[in-house]
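**Q** This is what each chain is made of:
Number of protein chains: 2
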Amino acid sequence: MSQHVAKAYREELLLLDHKIAQMGGLTEHNLGRAFDALSNQDLQLAEHVILSDKEIDRLQVDIESQVIQMIALRGPLAEDLRHILGALKITGNLERIGDLAKNIAKRSRATATEQYPKPLMGGLRNMVDLALSQLKDVLDAYADRNADLALSVWARDEQIDAMYNSVFRELLTYMMEDPRNISFCTHLLFGAKNIERIGDHTTNIAETIHFLVHGTEISTDRPKNDDTTKPANDPRDQG
Amino acid sequence: MSQHVAKAYREELLLLDHKIAQMGGLTEHNLGRAFDALSNQDLQLAEHVILSDKEIDRLQVDIESQVIQMIALRGPLAEDLRHILGALKITGNLERIGDLAKNIAKRSRATATEQYPKPLMGGLRNMVDLALSQLKDVLDAYADRNADLALSVWARDEQIDAMYNSVFRELLTYMMEDPRNISFCTHLLFGAKNIERIGDHTTNIAETIHFLVHGTEISTDRPKNDDTTKPANDPRDQG
Numbered sequence: 003m004s005q006h007v008a009k010a011y012r013e014e015l016l017l018l019d020h021k022i023a024q025m026g027g028l029t030e031h032n033l034g035r036a037f038d039a040l041s042n043q044d045l046q047l048a049e050h051v052i053l054s055d056k057e058i059d060r061l062q063v064d065i066e067s068q069v070i071q072m073i074a075l076r077g078p079l080a081e082d083l084r085h086i087l088g089a090l091k092i093t094g095n096l097e098r099i100g101d102l103a104k105n106i107a108k109r110s111r112a113t114a115t116e117q118y119p120k121p122l123m124g125g126l127r128n129m130v131d132l133a134l135s136q137l138k139d140v141l142d143a144y145a146d147r148n149a150d151l152a153l154s155v156w157a158r159d160e161q162i163d164a165m166y167n168s169v170f171r172e173l174l175t176y177m178m179e180d181p182r183n184i185s186f187c188t189h190l191l192f193g194a195k196n197i198e199r200i201g202d203h204t205t206n207i208a209e210t211i212h213f214l215v216h217g218t219e220i221s222t223d224r225p226k227n228d229d230t231t232k233p234a235n236d237p238r239d240q241g
Numbered sequence: 003m004s005q006h007v008a009k010a011y012r013e014e015l016l017l018l019d020h021k022i023a024q025m026g027g028l029t030e031h032n033l034g035r036a037f038d039a040l041s042n043q044d045l046q047l048a049e050h051v052i053l054s055d056k057e058i059d060r061l062q063v064d065i066e067s068q069v070i071q072m073i074a075l076r077g078p079l080a081e082d083l084r085h086i087l088g089a090l091k092i093t094g095n096l097e098r099i100g101d102l103a104k105n106i107a108k109r110s111r112a113t114a115t116e117q118y119p120k121p122l123m124g125g126l127r128n129m130v131d132l133a134l135s136q137l138k139d140v141l142d143a144y145a146d147r148n149a150d151l152a153l154s155v156w157a158r159d160e161q162i163d164a165m166y167n168s169v170f171r172e173l174l175t176y177m178m179e180d181p182r183n184i185s186f187c188t189h190l191l192f193g194a195k196n197i198e199r200i201g202d203h204t205t206n207i208a209e210t211i212h213f214l215v216h217g218t219e220i221s222t223d224r225p226k227n228d229d230t231t232k233p234a235n236d237p238r239d240q241g
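Protein chains in written order, with my numbering: chain D, 3 to 241; chain Y, 3 to 241.
Be aware that one or more of the hints could be misleading.
[Said to hold, decoys possible] Computed cross-link-like contacts, DSSO-like style, restricted to lysine-lysine with a CA-CA straight-line distance of at most 30 Å:
no.	chain 1	residue 1	chain 2	residue 2
1	Y	LYS56	D	LYS195
2	D	LYS91	Y	LYS120
3	Y	LYS21	D	LYS91
These aren't lab readings, by the way, just hints derived from the structure by calculation.
Remember, it's a predicted structure, so these values are computed and weren't measured experimentally.
Please build the complete structure, drawing on both the sequences and the hints.
**A** Shown next as structure tokens:
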């Protein structure tokens, strides 16, 4: 490969990472705003988020076509091929996170006019705060190729799952106490599940980073703690 | 490329499609069994499904590493590159469908001992039946590179969305009628959402096939009809 071609190739790899960072930043921004729209019953903000998800989708299409072009033109090998295919995976996860944030924003439409007990939103807010900090860390880990930071993101996903389990049970209690809460709480249940899924996609990105840096999978099983599918009378749920 | 190498290359492409077919067949099988486990409250079957999802995951890892190897060794171009990256996308969608089927099976654990009015399951059964027929068609469309069949799968996803909307409202009604239904219905709500998502992933596969065959995106917007996030007092919901 001539020096000129090698330089152009390096620049393409940098551009790829730049687009991932841009897509990640927008996704993070949208998730925060989606939750604000839901909790403040701010329909205008919700519509902004829904609309700007198209920009995230556009970036994914852009990254995908750059990946195809680079594979066809550069014939990447070993580490570079891992880099390029890693970016392809990460862009897929970011697109899904964007979609899930959009779904949270959409739930504002169904809930904007409903009265609800304010403490209801507390559990969700904690989940979103953690999901946002995880997303920020995983994007930093990608930019710096920091496998240790990626591993700590991966391990911390358990906490989001634990929060989800507690929010799930709390919302069910509200629904049983007063049937007028059912519709609103159902939307929050889906919102909570969306955040839990965002945590999973963030974990997937962490796994990809680990593979990029070390060339091996994370060796232990991924922490997975959605125990809301356990029997309702599971003794672990008592008290 | 020598004749020998060209033959080996063709065989690798065939092997890739063979693995996709195998993964798709297993996913279809698991979805049907997951629903049977849930509706018949058959915990043993549920555990079978949960366990056999690992085989689906294993196939994905296998396909991904074959893709990386083929890109590195064969330097695929144009149509072949589209084929290989298409397989990579489809395997990702199938893995998610497998996961969602596993989630449905897992809900059996939480609901196996609960009494529930049998008609409750009817709406979900219709959804699963359609999702299964869509999945079968999209796998056939991939095997035969039949873009027309893929397009008809893509268009029919609206029907799953419409069913989901009606199941969502029906389940909410049951919950409001009798708080003892809340826990069970919540699990069914998530189950219904899982099937709706399976429809989306099937649609994604249809889009990939269209791109494989024609080299262009499907030109109209994807039908998307989850209107459960519309305001609860939307006039379209009355009567």
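**Q** Would you mind marking each hint as holding or not holding in the structure?
**A** Quick rundown of the hints versus the structure:
1. Y:LYS56 <-> D:LYS195: Cα-Cα ~23 Å, so holds.
2. D:LYS91 <-> Y:LYS120: Given pair LYS91 (chain D), LYS120 (chain Y) is violated - Cα atoms ~42 Å apart, limit 30 Å.
3. Y:LYS21 <-> D:LYS91: Holds - the C-alpha atoms of LYS91 (chain D) and LYS21 (chain Y) are around 20 Å apart, at most 30 Å.
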